[in-house]
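K.L.:
Listed below, chain by chain, are the residues.
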Amino acid sequence: SQQGEEDPQALSIQEGENATMNCSYKTSINNLQWYRQNSGRGLVHLILIRSNEREKHSGRLRVTLDTSKKSSSLLITASRAADTASYFCATVLNRDDKIIFGKGTRLHILP
Amino acid sequence: KAGVTQTPRYLIKTRGQQVTLSCSPISGHRSVSWYQQTPGQGLQFLFEYFSETQRNKGNFPGRFSGRQFSNSRSEMNVSTLELGDSALYLCASEGMGYNEQFFGPGTRLTVL
Chain A
158 SQQGEEDPQA LSIQEGENAT MNCSYKTSIN NLQWYRQNSG RGLVHLILIR SNEREKHSGR
218 LRVTLDTSKK SSSLLITASR AADTASYFCA TVLNRDDKII FGKGTRLHIL P
Chain B
10 KAGVTQTPRY LIKTRGQQVT LSCSPISGHR SVSWYQQTPG QGLQFLFEYF SETQRNKGNF
70 PGRFSGRQFS NSRSEMNVST LELGDSALYL CASEGMGYNE QFFGPGTRLT VL
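Residue numbers (the working numbering), protein chains in the order written: chain A, 158 to 268; chain B, 10 to 121.
Bound-form chain A, shown alone (with noise of 0.2 Å):
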């Protein structure tokens, strides 16, 4: 079963536009990771945060974790074209155990 849920499960938003992603989970874990997914393709890591952190950047993502709700948020800045994938939420229950993966949300960059 899903752990995280990501909201919304698709987006279209205009190039150089902000994309903002949110992943709900159930259980308190030890990490969370974001996962980009170009059409049937394999999985590309994006960004990994541990449950102790709130926030991290990395390029122009910027994930936020909150720990009391349960949730996380995936910042995409100045979106390009090439920002048109699909992107998923992981969680880790503890370090050792399966990832478990969200269902996705779709992006796709409008030019």
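Warning: the hint list may mix true and false statements.
Stated by the list, open to error - Listed next, with one range per pair, are the computed distances between beta-carbon atoms:
1. B:S31 to A:T224: 37 to 43 Å
2. B:G25 to A:T177: 45 to 51 Å
3. A:N179 to B:R117: 27 to 33 Å
4. B:R117 to A:S215: 28 to 34 Å
5. B:K66 to A:S185: 19 to 25 Å
6. B:L121 to A:K226: 42 to 48 Å
7. A:R252 to B:E91: 33 to 39 Å
8. A:N195 to B:E61: 28 to 34 Å
9. B:G25 to A:K226: 45 to 51 Å
10. B:S95 to A:S208: 33 to 39 Å
Said to hold, decoys possible - The following residues of chain A were derived to be distant from chain B, with all beta-carbon distances above 12 Å:
11. E172
12. T177
13. H214
14. I266
Unchecked claim - Derived pair list, reagent style PhoX-like, types lysine-lysine, alpha-carbon separation capped at 25 Å:
15. A:K260 to B:K66
16. B:K66 to A:K183
17. A:K213 to A:K226
Hints are computed from structural coordinates only; laboratory data are not their basis. Here the structure is a predicted model, which means the values were calculated and not measured. Glycine residues also receive a C-beta, built at the ideal position from the N, C-alpha and C atoms.
Given chain A, put chain B in place with the hints provided.
P.N.:
Then chain B, alone, in the frame of chain A:
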């Protein structure tokens, strides 16, 4: 370093047959995980192998099995294929980092 490779990339089988998929992890990675991805169920965890031992297991029937060799290469096998087994099968390897997974391109299995 070369990335994670999976073979074959595409496979067509008929119901009742069996199939073996192969995954070569990034050199030095000892953990290999397998996932099934379908439009309806999304990404579902199958199992993880670490140093030739199954470390974690998902909720799939016994028709799905795997193994890992001493060089960390892994295979997964699906016996008595069903139409619902049609999916993209992804493997991922993990190094000594903190749970970060490196994914292969996947094997697309079609069961007719």
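K.L.:
Classify the label on T177 (chain A) as holds or violated, using whether its beta-carbon is more than 12 Å from each beta-carbon of chain B.
P.N.:
Since the minimum Cβ distance to chain B is about 21 Å, T177 (chain A) lies beyond 12 Å and the statement holds.
K.L.:
Is the hinted pair K66 (chain B) and K183 (chain A) satisfied, with a Cα-Cα distance of at most 25 Å?
P.N.:
Satisfied, since the Cα-Cα distance of roughly 20 Å is no more than 25 Å.
K.L.:
Is 33 to 39 Å a correct range for the gap between the Cβ atoms of S95 (chain B) and S208 (chain A)?
P.N.:
Hint holds: Cβ distance 37 Å, inside 33 to 39 Å.
K.L.:
Run the distance test for K260 (chain A) versus K66 (chain B): straight-line Cα separation, threshold 25 Å.
P.N.:
At roughly 19 Å apart (the allowed maximum being 25 Å), K66 (chain B) and K260 (chain A) satisfy the hint.
K.L.:
Does the hinted range 28 to 34 Å hold for R117 (chain B) and S215 (chain A) at CB?
P.N.:
Hint holds: Cβ distance 30 Å, inside 28 to 34 Å.
K.L.:
Does I266 (chain A) clear chain B by more than 12 Å, comparing its Cβ with all Cβ atoms of that chain?
P.N.:
Nearest chain B Cβ is 22 Å from I266 (chain A), so the label holds.
K.L.:
Does K213 (chain A) pair with K226 (chain A) here, judged by a C-alpha cut-off of 25 Å?
P.N.:
17 Å, holds
K.L.:
For G25 (chain B) and T177 (chain A), compare the CB-CB distance with the range 45 to 51 Å and indicate the outcome.
P.N.:
47 Å, holds
K.L.:
Is it true that the C-beta distance of N179 (chain A) to R117 (chain B) lies inside 27 to 33 Å, as the hint says?
P.N.:
For N179 (chain A) and R117 (chain B) the Cβ distance comes to about 30 Å; the hint holds.
K.L.:
Hey, is E172 (chain A) genuinely clear of chain B, shortest beta carbon separation above 12 Å?
P.N.:
About 27 Å separates E172 (chain A) from the closest Cβ of chain B, which puts it past 12 Å; holds.
K.L.:
Go ahead and decide if the range 45 to 51 Å is satisfied by the Cβ distance of G25 (chain B) to K226 (chain A).
P.N.:
With Cβ atoms ~48 Å apart, the hint holds.
K.L.:
Is the nearest Cβ of chain B still more than 12 Å from the Cβ of H214 (chain A)?
P.N.:
17 Å, holds
Violated hints for the displayed structure: none, as all numbered hints are satisfied.
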